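Enquirer: The chain contents come next:
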Amino acid sequence: MGRNNRPNNVADYQEEVTMNKSVLFGALTIAGLTAGAAMAGTMDDVKARGKLNCGVTTGLVGFAAPDANGEWKGFDVAVCRAVAAAVLGDATAVEFVPTTGKTRFTALASGEIDMLARNTTWTFSRDVDLKFDFVGVNYYDGQGFMVPKELGVSSAKDLDGATVCIQTGTTTELNLADFFRSNNINYEPVPIETNAEAQQQYLAGACDVYTTDASGLAATRATFENPDEHTLLPEIVSKEPLGPLVRHGDNEWGDVVRWTLNALITAEELGVSSANVGEMASNTNNPEVARLLGTEGTLGEMLGLDADAFKRAIETQGNYGEIFATTIGEETPIGLARGLNAQWTDGGLLYSPPFR
Amino acid sequence: MSDTHAESVAFVRETSLPPAAPPVAETGIVKWVRENLFATWANGLLTVASLYVIYLILRATMPWLFNGVWNASSLAECREILQGTTGGCFAVLTERWNQLLFGFTYPTELYWRPLVAFVLMFVALAPVLFFDLPRKLLIVTGLFPFIAYWLIWGGSIFVPVFVLVGFVVGYLVYVRFEKVSFAAGFFGGLAAAVVVWTVSGAITPSLENVLALEAVPSRDMGGYMLNMMLGVTCVSLSLPIGIALALGRQSSMPLIKWICVIFIEFVRGVPLITLLFVANVMLAYFFPPGSGVDLFLRVVIMITLFSSAYIAEVIRGGLAALPKGQYEAADSLGLDYPQAMRLIILPQALKISIPGIVNIAVGLFKDTTLVSVISMFDILGMIRGPILASTEWNGVYWELLGFACVVFFVVCYSISQYSQWLERRLATDHR
Amino acid sequence: MSTTTDPQGGTFRLSMLLNDTRYRSLTMQVIAAVVLALAIGYLYSNLVTNLRAAGLNISYAFLGNPAGYDINQTLIDYSSQSTNLRAAVVGILNTLLVAFLACVTATIFGVIAGVLRLSNNWLVSKLMAVYVEIFRNIPVLIWIVIIFTIMIAVLPGPRAFRGDDPESRMLLDLFAFTNRGVYIPGPYFTRGIGGEEGSILNWLMVIGVLIASLFATRAVTARANATQAATGVRPNTLWTNLAIWFVPLIALLFVLGLTWEVPALKGFNFSGGIKVGGPLIALWFALSIYTGAFIAENVRAGIQAVSKGQTEAAGALGLRPNRIMSLVVLPQALRVIIPPLISQYLNITKNSSLAIAVGYADITATLGGITLNQTGRAIECVLLLMLFYLVISLLISAFMNVYNNAMKLKER
Numbered sequence: 574m575g576r577n578n579r580p581n582n583v584a585d586y587q588e589e590v591t592m593n594k595s596v597l598f599g600a601l602t603i604a605g606l607t608a609g610a611a612m613a614g615t616m617d618d619v620k621a622r623g624k625l626n627c628g629v630t631t632g633l634v635g636f637a638a639p640d641a642n643g644e645w646k647g648f649d650v651a652v653c654r655a656v657a658a659a660v661l662g663d664a665t666a667v668e669f670v671p672t673t674g675k676t677r678f679t680a681l682a683s684g685e686i687d688m689l690a691r692n693t694t695w696t697f698s699r700d701v702d703l704k705f706d707f708v709g710v711n712y713y714d715g716q717g718f719m720v721p722k723e724l725g726v727s728s729a730k731d732l733d734g735a736t737v738c739i740q741t742g743t744t745t746e747l748n749l750a751d752f753f754r755s756n757n758i759n760y761e762p763v764p765i766e767t768n769a770e771a772q773q774q775y776l777a778g779a780c781d782v783y784t785t786d787a788s789g790l791a792a793t794r795a796t797f798e799n800p801d802e803h804t805l806l807p808e809i810v811s812k813e814p815l816g817p818l819v820r821h822g823d824n825e826w827g828d829v830v831r832w833t834l835n836a837l838i839t840a841e842e843l844g845v846s847s848a849n850v851g852e853m854a855s856n857t858n859n860p861e862v863a864r865l866l867g868t869e870g871t872l873g874e875m876l877g878l879d880a881d882a883f884k885r886a887i888e889t890q891g892n893y894g895e896i897f898a899t900t901i902g903e904e905t906p907i908g909l910a911r912g913l914n915a916q917w918t919d920g921g922l923l924y925s926p927p928f929r
Numbered sequence: 017m018s019d020t021h022a023e024s025v026a027f028v029r030e031t032s033l034p035p036a037a038p039p040v041a042e043t044g045i046v047k048w049v050r051e052n053l054f055a056t057w058a059n060g061l062l063t064v065a066s067l068y069v070i071y072l073i074l075r076a077t078m079p080w081l082f083n084g085v086w087n088a089s090s091l092a093e094c095r096e097i098l099q100g101t102t103g104g105c106f107a108v109l110t111e112r113w114n115q116l117l118f119g120f121t122y123p124t125e126l127y128w129r130p131l132v133a134f135v136l137m138f139v140a141l142a143p144v145l146f147f148d149l150p151r152k153l154l155i156v157t158g159l160f161p162f163i164a165y166w167l168i169w170g171g172s173i174f175v176p177v178f179v180l181v182g183f184v185v186g187y188l189v190y191v192r193f194e195k196v197s198f199a200a201g202f203f204g205g206l207a208a209a210v211v212v213w214t215v216s217g218a219i220t221p222s223l224e225n226v227l228a229l230e231a232v233p234s235r236d237m238g239g240y241m242l243n244m245m246l247g248v249t250c251v252s253l254s255l256p257i258g259i260a261l262a263l264g265r266q267s268s269m270p271l272i273k274w275i276c277v278i279f280i281e282f283v284r285g286v287p288l289i290t291l292l293f294v295a296n297v298m299l300a301y302f303f304p305p306g307s308g309v310d311l312f313l314r315v316v317i318m319i320t321l322f323s324s325a326y327i328a329e330v331i332r333g334g335l336a337a338l339p340k341g342q343y344e345a346a347d348s349l350g351l352d353y354p355q356a357m358r359l360i361i362l363p364q365a366l367k368i369s370i371p372g373i374v375n376i377a378v379g380l381f382k383d384t385t386l387v388s389v390i391s392m393f394d395i396l397g398m399i400r401g402p403i404l405a406s407t408e409w410n411g412v413y414w415e416l417l418g419f420a421c422v423v424f425f426v427v428c429y430s431i432s433q434y435s436q437w438l439e440r441r442l443a444t445d446h447r
Numbered sequence: 003m004s005t006t007t008d009p010q011g012g013t014f015r016l017s018m019l020l021n022d023t024r025y026r027s028l029t030m031q032v033i034a035a036v037v038l039a040l041a042i043g044y045l046y047s048n049l050v051t052n053l054r055a056a057g058l059n060i061s062y063a064f065l066g067n068p069a070g071y072d073i074n075q076t077l078i079d080y081s082s083q084s085t086n087l088r089a090a091v092v093g094i095l096n097t098l099l100v101a102f103l104a105c106v107t108a109t110i111f112g113v114i115a116g117v118l119r120l121s122n123n124w125l126v127s128k129l130m131a132v133y134v135e136i137f138r139n140i141p142v143l144i145w146i147v148i149i150f151t152i153m154i155a156v157l158p159g160p161r162a163f164r165g166d167d168p169e170s171r172m173l174l175d176l177f178a179f180t181n182r183g184v185y186i187p188g189p190y191f192t193r194g195i196g197g198e199e200g201s202i203l204n205w206l207m208v209i210g211v212l213i214a215s216l217f218a219t220r221a222v223t224a225r226a227n228a229t230q231a232a233t234g235v236r237p238n239t240l241w242t243n244l245a246i247w248f249v250p251l252i253a254l255l256f257v258l259g260l261t262w263e264v265p266a267l268k269g270f271n272f273s274g275g276i277k278v279g280g281p282l283i284a285l286w287f288a289l290s291i292y293t294g295a296f297i298a299e300n301v302r303a304g305i306q307a308v309s310k311g312q313t314e315a316a317g318a319l320g321l322r323p324n325r326i327m328s329l330v331v332l333p334q335a336l337r338v339i340i341p342p343l344i345s346q347y348l349n350i351t352k353n354s355s356l357a358i359a360v361g362y363a364d365i366t367a368t369l370g371g372i373t374l375n376q377t378g379r380a381i382e383c384v385l386l387l388m389l390f391y392l393v394i395s396l397l398i399s400a401f402m403n404v405y406n407n408a409m410k411l412k413e414r
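Protein chains in written order, with this note's numbering: chain A, 574 to 929; chain B, 17 to 447; chain C, 3 to 414.
It should be emphasised that the hints constitute simulated quantities derived from the structure, not laboratory data. Please read all numbers here as calculations on a predicted model, not as lab measurements. One should not assume that every hint holds.
To be verified - Distance windows between CB atoms, simulated:
(1) 269/B to 318/C: 33 to 39 Å
(2) 57/C to 643/A: 31 to 37 Å
(3) 640/A to 67/B: 48 to 54 Å
Unchecked claim - Capping the alpha-carbon separation at 27 Å, the derived lysine-lysine pairs in DSS-like fashion look like this:
(4) 152/B to 195/B
(5) 128/C to 47/B
(6) 273/B to 128/C
(7) 812/A to 646/A
(8) 268/C to 730/A
(9) 47/B to 310/C
(10) 730/A to 646/A
(11) 340/B to 128/C
(12) 340/B to 273/B
(13) 310/C to 128/C
(14) 624/A to 730/A
(15) 722/A to 812/A
(16) 268/C to 722/A
The beta carbon of each residue, even a glycine, is placed where N, CA and C say it ideally should be.
Could you put the whole structure together from the sequences, leaning on the hints where they help?
Expert: This is the structure we're talking about:
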């Protein structure tokens with residue numbers, strides 16, 4: 574188990590620091606003075622803490638939202654849990670930190686969260702200027718538009734003069750400006766902080782159109798009382814590769830998150846699922862499956878984890894296809910088709926580097 | 017002369033007549049109505065207009081209030097039950113009351129803990145608010161923060177106990193050294209407390225599971241409980257800071273005076289929301305890496321700084337209002353500065369400032385709703401976020417917002433009534 | 003007093019630093035300075051460490067980059083290609099606009115409620131007391147949300163105005179109340195300078211004429227005063243003044259061809275005329291009624307502060323009631339009312355930052371919201387934001403000090 578190979582001294586030391594914090598509360602400085610070393614080893618931090626701090630959205634059904642019991646469920650949540658399962662051996666050892674468009678990057682940069690899985694678009698400036706590392710893409714998305722059917726709009730180009738609800742602080746805000754400018758049509762933006770408020774305003778008719786990632790639109794529409802009264806326009810006006818990200822500069826941790834994600838994708842490609850992972854691990858003749866599940870080679874150890882790390886991730890969360898199907902797939906109220914997110918063997922874009 | 021009188025006047029009434037009833041228009045309700053509602057033409061018009069306004073308000077709200085549905089699982093079901101008649105869908109309150117009060121992640125089976133803390137709060141506040149109560153109750157007040165912390169956050173009881181021990185040791189050291197000088201006592205006490213905290217910080221991890229309540233991270237706090245917690249914590253923390261700032265601003269030492277002036281004017285010059293932004297997106301950069309100061313704590317720090325600046329201004333007003341003779345009297349007794357402040361000036365100045373402080377507290381409590389803007393789920397954040405966005409309750413605006421209004425009004429109005437009562441009471445003391 | 007600490011001989015002992023009043027304050031200040039420097043140094047070094055660890059730096063270069071987003075209400079030219087700095091200026095102007103509008107209406111509400119609360123009419127005064135208590139004891143953010151909800155959930159959408167038998171109609175065919183805002187007729191000049199688009203010069207001309215009229219009426223009044231002083235008979239100036247005000251103005255507007263453009267439903271929204279956006283109305287109205295309740299209390303306290311003897315003395319001099327109010331009571335009450343009134347204006351300006359809750363594009367929403375989000379320059383944006391509010395507050399306080407000095411009772 575992951576707990577066994579953690580360096581003892583770091584663990585004790587860290588525990589002392591966290592306790593200090595709660596003990597002193599007011600006398601923060603002491604905790605601060607003794608804290609010292611930190612960001613370099615996110616993995617050590619996580620192991621010592623015994624919990625993964627994962628940044629998610631404040632609530633987008635299907636991707637990350639607390640259910641009636643306050644338990645977080647969703648597509649992005651599964652990625653967090655898979656990482657926790659791989660690193661800590663416990664898929665429930667995750668502390669979910671809800672973030673808004675505004676707070677997500679500070680939360681990550683300041684070390685409040687270890688990774689961000691909040692349908693965040695991989696862009697040049699975020700990667701380079703804001704100093705983050707996107708470890709991969711877990712959902713290939715694009716910006717779409719949702720309108721009430723009764724408006725009779727069939728194309729985004731008919732939206733001249735429309736009032737558009739947007740979530741501020743997202744790339745969609747910029748894409749929207751670009752799209753309308755390049756098509757020479759006007760619109761009136763209504764900037765809104767959270768998906769919940771955007772949904773209320775859209776339903777109240779304060780805006781004609783709601784625009785965000787197509788997956789988010791589908792997820793939002795699924796929560797409407799009458800989803801059939803709303804339609805998604807055919808135009809997808811941008812590329813939105815959504816993926817988990819970590820701080821720049823901590824490559825070991827980045828590798829852990831990256832290869833956990835890749836393990837989920839590869840597992841689907843190789844036909845490993847949560848149901849058959851135990852059986853596959855014990856008797857497989859596919860060497861890549863054996864390497865992935867840790868019965869052959871030392872891939873897990875190379876990452877600083879143990880041999881079973883990916884096996885646990887797949888066991889608890891299922892492979893990429895399973896996660897997709899149970900959280901946002903066609904069987905769920907959100908009803909997203911695989912589309913671009915099919916395996917490359919099925920004509921999609923999911924293409925994990927080999928486990929070798 | 018006396019007999020002429022008897023002869024010249026035919027009849028002299030020897031008993032007084034019983035007083036006649038005043039004219040109908042000059043008595044009872046009629047007189048009251050005439051004088052208070054229809055004194056002049058314009059007044060009459062105003063009365064009619066106000067009656068009409070009241071009628072409109074009642075007509076709009078009464079059916080909504082009394083025809084409300086209290087038992088349904090969604091807005092659609094409410095509408096079905098109402099069959100097109102007007103009525104509120106208060107079922108949202110009966111179904112989601114726990115989320116409105118405690119947030120959506122506080123464990124349901126632990127609700128009794130914040131409730132107990134809430135009840136204890138009244139016991140703790142009583143001796144502070146009402147001077148007539150036995151002074152011994154102040155012990156509860158002193159213990160309350162630690163009990164409340166333990167109840168709400170859970171974890172090992174040794175955490176609050178050791179903090180308390182730190183304070184007690186610090187106080188004992190202070191008493192011991194205070195005779196030498198106030199400064200020696202103060203800094204000695206502080207040092208002793210820090211030593212205790214550091215030592216206990218090292219041993220608590222081993223006691224982690226002894227007498228422990230299930231720990232709840234502050235991220236899971238929400239709803240009206242969050243408003244209450246922020247309000248109570250920040251006001252009580254900002255009181256000592258506010259006093260220090262007020263004294264500093266009155267100080268004759270230019271450096272200290274200017275530090276206080278700049279701090280106070282800066283904080284009073286910016287809106288609370290920008291300070292919350294600081295807590296949200298900036299403050300994390302000012303703490304050592306990995307110190308793990310969570311959002312709740314950062315918000316508490318910023319709101320405390322905010323309210324301490326306002327409280328400092330109120331107390332400064334109180335200090336300025338004291339007659340100069342009080343300061344001179346203290347000097348003439350040979351008291352040094354800390355003694356004079358502690359024994360003569362502050363008790364009087366604080367007494368004058370209490371109504372002002374209470375007003376600041378009410379304002380601050382109302383301002384705790386601002387945390388909903390930075391993605392904390394206080395009562396307003398819960399309403400605008402998870403509840404109104406849910407499939408079942410999308411569109412139940414008035415019942416939810418009305419509930420928020422009622423809970424805030426009850427608390428703020430009672431505090432302001434208390435403040436007025438206190439003002440009257442203190443006024444008699446001074447004359 | 004001072005003799006107790008007079009130097010005993012010339013020797014300096016270390017304990018004198020604490021116990022000798024000559025040195026003590028110096029010691030304290032040195033300690034304070036050291037503690038302050040340590041604290042700042044500690045925070046600063048953390049900041050530097052954290053920024054280095056995150057690979058970030060502090061730079062204001064982003065202000066010159068294109069903002070990339072659109073704003074729905076702009077008082078100056080702005081497009082998504084304008085710079086972030088310009089977006090911030092748009093935000094500043096919007097903040098000032100809503101603050102100004104709210105100050106005006108809050109004063110009106112406050113004065114009316116404050117005066118009515120002192121009315122002899124029991125019902126009216128109780129009604130005003132209820133208004134004041136309800137609005138003072140519920141957070142302003144809740145009021146903003148409530149009024150915004152009324153805007154979006156109660157008022158009809160533009161769609162409701164469509165069709166031959168629409169659900170909603172425009173008021174007098176001139177005003178449209180929709181859930182996106184209120185559309186009112188807007189003036190424009192058909193024969194103005196600068197063609198169809200119209201130029202600011204037209205409006206400057208109108209303002210110029212108004213100023214000229216002002217001076218002209220002042221001259222007329224001065225002449226009337228002089229005549230009254232000389233002959234004791236005041237010539238009637240009402241008609242002259244009215245003529246001076248209106249004749250040139252109407253003539254100018256006629257020459258320029260003033261026309262009203264009535265909003266009309268076109269496509270998704272109404273177009274033409276002036277649009278007052280829903281967020282602006284929500285913020286404006288909520289700040290006005292909320293602050294109005296506070297101002298009402300100030301006004302009431304101010305009027306009550308004028309002792310009854312003043313009114314009675316004025317009555318004894320034979321002044322009529324309205325002159326008592328305007329010449330005796332109000333000038334004295336204003337002295338009490340205005341300082342808290344100005345601090346209420348300051349509160350309005352600061353509370354206008356809650357615009358972010360309803361999507362009004364003030365400075366907090368542009369610089370502190372979208373620009374911050376899009377550039378990720380959190381520290382820089384928040385610092386600039388605080389600087390702006392600080393400057394506004396200091397300006398208002400400075401103005402208040404000047405006013406207080408001017409208004410101070412001149413004691414002889």
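Enquirer: Compare the structure with each hint and give your call.
Expert: Taking the hints in turn, this is what the structure says about them:
no. : hint                       : verdict
1   : 269/B to 318/C: 33 to 39 Å : violated, 54 Å
2   : 57/C to 643/A: 31 to 37 Å  : holds, 36 Å
3   : 640/A to 67/B: 48 to 54 Å  : holds, 51 Å
4   : 152/B to 195/B             : holds, 25 Å
5   : 128/C to 47/B              : holds, 18 Å
6   : 273/B to 128/C             : violated, 46 Å
7   : 812/A to 646/A             : holds, 26 Å
8   : 268/C to 730/A             : holds, 16 Å
9   : 47/B to 310/C              : holds, 25 Å
10  : 730/A to 646/A             : violated, 36 Å
11  : 340/B to 128/C             : violated, 41 Å
12  : 340/B to 273/B             : holds, 20 Å
13  : 310/C to 128/C             : holds, 22 Å
14  : 624/A to 730/A             : violated, 48 Å
15  : 722/A to 812/A             : holds, 25 Å
16  : 268/C to 722/A             : holds, 19 Å
In this structure, the earlier hints numbered 1, 6, 10, 11, 14 are contradicted, and the remaining ones agree with it.
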